[in-house]
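Colleague: Guided by the hints, dock chain B onto chain A, whose structure is given.
One line per chain: the protein sequences are A and B, in this order. Residues in the first sequence are numbered from 1 upward in steps of one, following UniProt numbering. Residues in the second sequence are numbered from 1 upward in steps of one, following UniProt numbering.
I should point out that these hints are in silico values taken from the structure, not numbers from a laboratory. It is possible that some hints are incorrect.
[As the list claims (entries may be wrong)] Example chain B residues on the side facing chain A (calculated, C-beta under 7 angstroms, incomplete):
id, residue
1, S17
2, R130
3, D185
4, T187
5, G191
6, R194
7, L195
8, G215
9, G236
10, R243
[Claimed, not checked] Selected chain B positions facing chain A (Cβ under 7 angstroms, derived; list incomplete):
id, residue
11, H103
12, L106
13, G109
14, L214
15, S218
16, L242
In this text, a Cβ means the ideal position worked out from N, Cα and C, and glycines have one as well.
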Amino acid sequence: MSLLTVDDLVVDHRTPGRPAVRAVAGASLSVAAGEVVGLVGESGCGKSTLARAVCGLTAAAGGTIAFEDGEVTRLGLRRRDPALTKIQMVFQDPYASLNPRRRIGAQIADGLRTAGDRETTPGDMLERVGLPARMAGRYPHEFSGGQRQRIAIARALAARPSLLIGDEPISALDASAQAQVATLMRNLAVESGAGLLFISHDLSVVRLIADRIAVMYLGKIVETGPTAEIWADPRHPYTQALLRAIPEPDGLGRLPQELPGDVPDPADPPTGCRFHPRCPMAMDICAEKEPLPGPVSCWLYPPA
Amino acid sequence: MSGPVAPVLSVEDLTVSIGEHDILRGVGIDLRPGRVHGLAGESGSGKTMTGLATLGLLPHGARTTGRVLLDGRDLLDLSQRDLNKVRGREISMVFQDPATSLHPMLSIGRQLTEHMRHHLRIGKAESRARAIELLGQVRIPGPAAAFERYPHQFSGGMRQRIAIAIALACGPKVLIADEPTTALDVTVQAGVLRLIRGLCDDLGLAVLLVTHDLGVMSAVADEVSVMKDGLVVETGPRSHVLREPDHPYTRALLDALPRQGPAARPGEILDPPPAAGVDTLPREGS
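Next up, chain A with everything else stripped away, as it sits in the complex:
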């Protein structure tokens, strides 16, 4: 009973004159209605590419993306399939995602029109995200970053999505606005019964709002599970390294653990398990064979 099922998705970025970069290399993920899934990983691991493919903004080179009863296909030049307008996205940078030359009310009204909603006014949507309705006549430049992201959320919600995607929606915001905007997205999505796929590199925020966490490394999902479980008992060495790197505000002055090495070039990924060159627990088999996909994709936990 999943709202969104991504199965073995492969996405390539092609640049003329260079080998194709496999940004997403066989990732599987599902989001149920009313569920908040946090997708985390270091920058450059393919999180955003996965989100763009789910939205149809980037073509998949392999695998399937099933949404509700249909399949997500590449967004063409023609009108978007009305069924797919149920997927809405909130982008990273609200300074770029809002049209600077249109009043915010008009931009929110686009979403309402898509949903065929004649009763709700843009002002109502603004109130839902905590802004006064009378601001609908203003332009984006009159707002701060946090407010603009709220407007982008209002615009996405106006189309009555059943799946809301946030692609690093808080990383361009001021620190104090981050938790507020993230919590707002969660509450609004859950209230309206929509699923939320929340992408972020900030684990502490994801922990705050996600029911389930998926950890991505170099184009693959290496571990998935309920948030509390992953936090209390991370199993994949990469998840463990990620969590150990978060400094704790305990006043003890302990420096966080560093994960040595850099993320390898996705154009030339390591053989076998993609994490093995940086893994403190690497075994011989790790360099040779890729671990099977599963809740934990690692040779330390062989499938039963």
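Modeller: Coordinates of chain B only, in the frame set by chain A:
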């Protein structure tokens, strides 16, 4: 804690106002060599302004009172010309976003040597040798090759290391780091924090670390000051401020953090108390 070491930089009763707004209302901070002083607080509390004010980097029309003493000189009294001799030489700064603080069209080497040659009056070969040494010190792989490269050829963490190398080039006494790890991944952040701590210990640098992240604060700061509405509400050793805060605001900041352990349920923590006026009113047109 009144340490045995005299402060190298003292900010005394600093006020800053822009137009009718009072941004800082009497801030006092002492930085001592070899110590990291953390400055915490919500956005809009004046942390960044405190850092900028010590270097005279305030926006136009800002009025300041109070004193910023560096070795007995009041930096607020210096002319632009004299201040330029301090900036980058005795006090240097690392900003939040290494993607914008480095010049995209100048090579790393150029950006590392320019101010060295100006401030220290050293030659090309000598500055180059020192730059390569610095790149090694901040653990950039292949320092000699990195010297010729451009910022876009480095990852975010590497760029921040380069920004730190640039800040250290002239052997400053004070380093002001304004949210130096906020734009980085946690794994990279860990490396940069270790680097800052190590430099502070090895070079006897006095560091002012501005951050909203109390975890980062706990990891590297020796002393912590908490700011609210342009005032320092609490100052003290890290273990005291973060474990047994005296001020209710510090307590509130700590309580707003997600609990450690599995106790936190998703969605349990609702909107934190809004910072007055920060995100609820539209910005005034500037």
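Colleague: If any of the earlier hints don't hold here, list their numbers in rising order.
Modeller: Violated hints: 1, 2, 7, 9, 11, 12, 13; rest satisfied.
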